[in-house]
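**Student:** Going line by line, the protein sequences match chains F and A.
Counting with numbering that gives the first Met the number 0, you get residues 0 to 308 for the letters of the first sequence.
Counting with numbering that gives the first Met the number 0, you get residues 0 to 308 for the letters of the second sequence.
Please keep in mind that the hints were generated in silico from the structure rather than gathered at the bench.
Please note: incorrect hints may appear among the correct ones.
Straight-line alpha carbon distances no greater than 30 Å define the calculated DSSO-like cross-link-like pairs of lysine-lysine that follow [what the hints assert, rightly or not]:
id, chain 1, residue 1, chain 2, residue 2
1, A, LYS278, A, LYS183
2, F, LYS183, F, LYS37
3, F, LYS248, A, LYS266
4, F, LYS266, A, LYS278
5, A, LYS200, F, LYS263
6, A, LYS278, F, LYS248
7, A, LYS76, F, LYS263
Keep in mind that this is a model prediction, so the values were computed, not measured.
Read off the chains here:
Number of protein chains: 2
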Amino acid sequence: MSTFSIAIHGGAGTILRSSMTPELQQQYEQGLQAAIDKGYAILETGGSAVDAVEAAVSSLEDFPLFNAGRGSVFNNKGGHEMDAAIMDGRTLEAGAVAGISHVKNPVQVCRAVMENSGHVMLAGAGADEFAKTQGFEQMSDDYYYTEQRYKQWQEAMKEGVVQLDHTDKESKKFGTVGAVALDKDGNLAAATSTGGLTNKKFGRIGDSPIPGAGTYANNDTCAISCTGVGELFIRRVVAYDISCLMEYKGLSLREACDIVVQDKLVKIGGEGGLVALDKHGNIEMAFNSEGMYRACKSSDGRSEVLIYR
Amino acid sequence: MSTFSIAIHGGAGTILRSSMTPELQQQYEQGLQAAIDKGYAILETGGSAVDAVEAAVSSLEDFPLFNAGRGSVFNNKGGHEMDAAIMDGRTLEAGAVAGISHVKNPVQVCRAVMENSGHVMLAGAGADEFAKTQGFEQMSDDYYYTEQRYKQWQEAMKEGVVQLDHTDKESKKFGTVGAVALDKDGNLAAATSTGGLTNKKFGRIGDSPIPGAGTYANNDTCAISCTGVGELFIRRVVAYDISCLMEYKGLSLREACDIVVQDKLVKIGGEGGLVALDKHGNIEMAFNSEGMYRACKSSDGRSEVLIYR
Numbered sequence: 000m001s002t003f004s005i006a007i008h009g010g011a012g013t014i015l016r017s018s019m020t021p022e023l024q025q026q027y028e029q030g031l032q033a034a035i036d037k038g039y040a041i042l043e044t045g046g047s048a049v050d051a052v053e054a055a056v057s058s059l060e061d062f063p064l065f066n067a068g069r070g071s072v073f074n075n076k077g078g079h080e081m082d083a084a085i086m087d088g089r090t091l092e093a094g095a096v097a098g099i100s101h102v103k104n105p106v107q108v109c110r111a112v113m114e115n116s117g118h119v120m121l122a123g124a125g126a127d128e129f130a131k132t133q134g135f136e137q138m139s140d141d142y143y144y145t146e147q148r149y150k151q152w153q154e155a156m157k158e159g160v161v162q163l164d165h166t167d168k169e170s171k172k173f174g175t176v177g178a179v180a181l182d183k184d185g186n187l188a189a190a191t192s193t194g195g196l197t198n199k200k201f202g203r204i205g206d207s208p209i210p211g212a213g214t215y216a217n218n219d220t221c222a223i224s225c226t227g228v229g230e231l232f233i234r235r236v237v238a239y240d241i242s243c244l245m246e247y248k249g250l251s252l253r254e255a256c257d258i259v260v261q262d263k264l265v266k267i268g269g270e271g272g273l274v275a276l277d278k279h280g281n282i283e284m285a286f287n288s289e290g291m292y293r294a295c296k297s298s299d300g301r302s303e304v305l306i307y308r
Numbered sequence: 000m001s002t003f004s005i006a007i008h009g010g011a012g013t014i015l016r017s018s019m020t021p022e023l024q025q026q027y028e029q030g031l032q033a034a035i036d037k038g039y040a041i042l043e044t045g046g047s048a049v050d051a052v053e054a055a056v057s058s059l060e061d062f063p064l065f066n067a068g069r070g071s072v073f074n075n076k077g078g079h080e081m082d083a084a085i086m087d088g089r090t091l092e093a094g095a096v097a098g099i100s101h102v103k104n105p106v107q108v109c110r111a112v113m114e115n116s117g118h119v120m121l122a123g124a125g126a127d128e129f130a131k132t133q134g135f136e137q138m139s140d141d142y143y144y145t146e147q148r149y150k151q152w153q154e155a156m157k158e159g160v161v162q163l164d165h166t167d168k169e170s171k172k173f174g175t176v177g178a179v180a181l182d183k184d185g186n187l188a189a190a191t192s193t194g195g196l197t198n199k200k201f202g203r204i205g206d207s208p209i210p211g212a213g214t215y216a217n218n219d220t221c222a223i224s225c226t227g228v229g230e231l232f233i234r235r236v237v238a239y240d241i242s243c244l245m246e247y248k249g250l251s252l253r254e255a256c257d258i259v260v261q262d263k264l265v266k267i268g269g270e271g272g273l274v275a276l277d278k279h280g281n282i283e284m285a286f287n288s289e290g291m292y293r294a295c296k297s298s299d300g301r302s303e304v305l306i307y308r
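So here's chain F without its partners, still in its complex pose (with noise of 0.2 Å):
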């Protein structure tokens, strides 16, 4: 039988342990576990890769303690604009929102942007009417209120800055979510979804949705979810780059990673992460930050639910 495999993230950053509680990181490891369990048995039972990622990314939305669905953080209006992209190695196709405001779970709108709308991106205002004529539900500004997202919107606005989903004012996070998944019968996906940045404003839209900068999967390659400093990952069109370094250098894929996340990221500033999938079940969980909230399941045995290096 095929290999099959699931790997997510929950955003990458300087994750302190000087303020992470015991309490803390077992409801973070709670929230990956869950899941990567439910990315994992969709694929288990013969599900596609592409239905894998969406399960496990709306897993990480519904999950209150990562920016992005539930958990993201307020922008300099007092609202929220979720960035998301889905992706199918299979087809190429791919369908992703910028800005959307009133969906529980963005992913799932990409979805159906990719699969009904003709289109492969929508934004704004124009991308919640899309996903209320698809019969999502639309939520209230009520649903996304944490008191710690509010907190950090306050303090955000206090100092006049736009922020990376801060906890405090020494650790860096960079909120995202996404999962990469490879099925039983070869097909690789990939999906991201975030919050964006605490107090951004603008409508400012970063790599999340774009297929190649922070999402991207090609059964031919790989299949990638990042997540970093936005800007300088689209601008080296990352997640692209790695599928590009094994097609056209024949490298392999922790190869390609190494260099685009230790060495070109870190060349110029580009801190964050990514995870990663090769059609033979490879598993990559890269990083030049200091932690990422990580996990992976494959059906070779290996499972794994980390914060830290």
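Since the structure of chain F is already known, use the hints to place chain A on it.
**Tutor:** Then chain A, alone, in the frame of chain F:
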């Protein structure tokens, strides 16, 4: 002295000779000539590639026959949502706007995004808000009104379809403008701008504003500006793919453009084209459609303004 060059496009597609009058053809050619001359003059006097592509694209945006800036098509709500990007091959810095509605020259806002926002991509009302803070004049809807575009929109609404810049039922055009330039210092730059699809809904974003998809520049490889079926150009990460074929496989600009435009894109129905330059000043104006409005001018004496094959 080093070669310096510029190439521009005003969109690709089925440009029927039967619906083209000598007067109209002359107008298009004059629009292209004016834009290429503006960009070339900047290069000739030692200006930067970024300045040259910004000036050339601004000129094309001001020309009402091209679907960008003033000539932008109507969206489903009777408004205008423009997408654009600029990228500096020297620094890999980029700026982009998506769904911006009230500025005269979206490409100039992209330049401000790149230099002053700390971000790469801004969208929707937020992008207009940013433009205001940067001192850009807010244009009224009248500015974008042309009888031709209004008629196209009315027809599209009657047929209930989302159209690519149609001029009549038989013709299909991908209305976008773009420019690539190589300056005397050996720096490459690219810019693209579009009004998107007639009657478009749901805040659809195409490839034009996405670095790596419709726009890319890297001094080590090439500068690219695309025009075509945006969704397929996003999924194939067209502009960065050409760069990777050069960097990782050692192909020439011509070989890389040939593979992507005439093979990869054709296989998935990705009609369209692109203008491209490498660091030696080689110019490619490649398309798989019936025609592409295009022009180029190089210090080695090449000077062309063309529409058909």
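**Student:** Next step is simple, just say for each hint if it's right about the structure.
**Tutor:** Hints, verified against the model:
Simply put, LYS278(A) and LYS183(A) have alpha-carbon atoms about 10 Å apart, close enough for the 30 Å limit, and the pair holds. With a CA separation close to 16 Å, the supplied pair LYS183(F) and LYS37(F) stays within the 30 Å bound. Only pairs whose Cα atoms come within 30 Å are accepted, and LYS248(F) paired with LYS266(A) is accepted, the gap being roughly 23 Å. Restraint check: the Cα-Cα separation between LYS266(F) and LYS278(A) comes to about 23 Å, which is no more than 30 Å; the hinted pair holds.
A distance of roughly 38 Å separates the Cα atoms of LYS200(A) and LYS263(F); the hinted pair therefore is violated under the 30 Å criterion. Between LYS278(A) and LYS248(F) the alpha-carbon distance is near 22 Å, which keeps this suggested pair within the 30 Å criterion. Between LYS76(A) and LYS263(F) the alpha-carbon distance is near 43 Å, which puts this suggested pair outside the 30 Å criterion.
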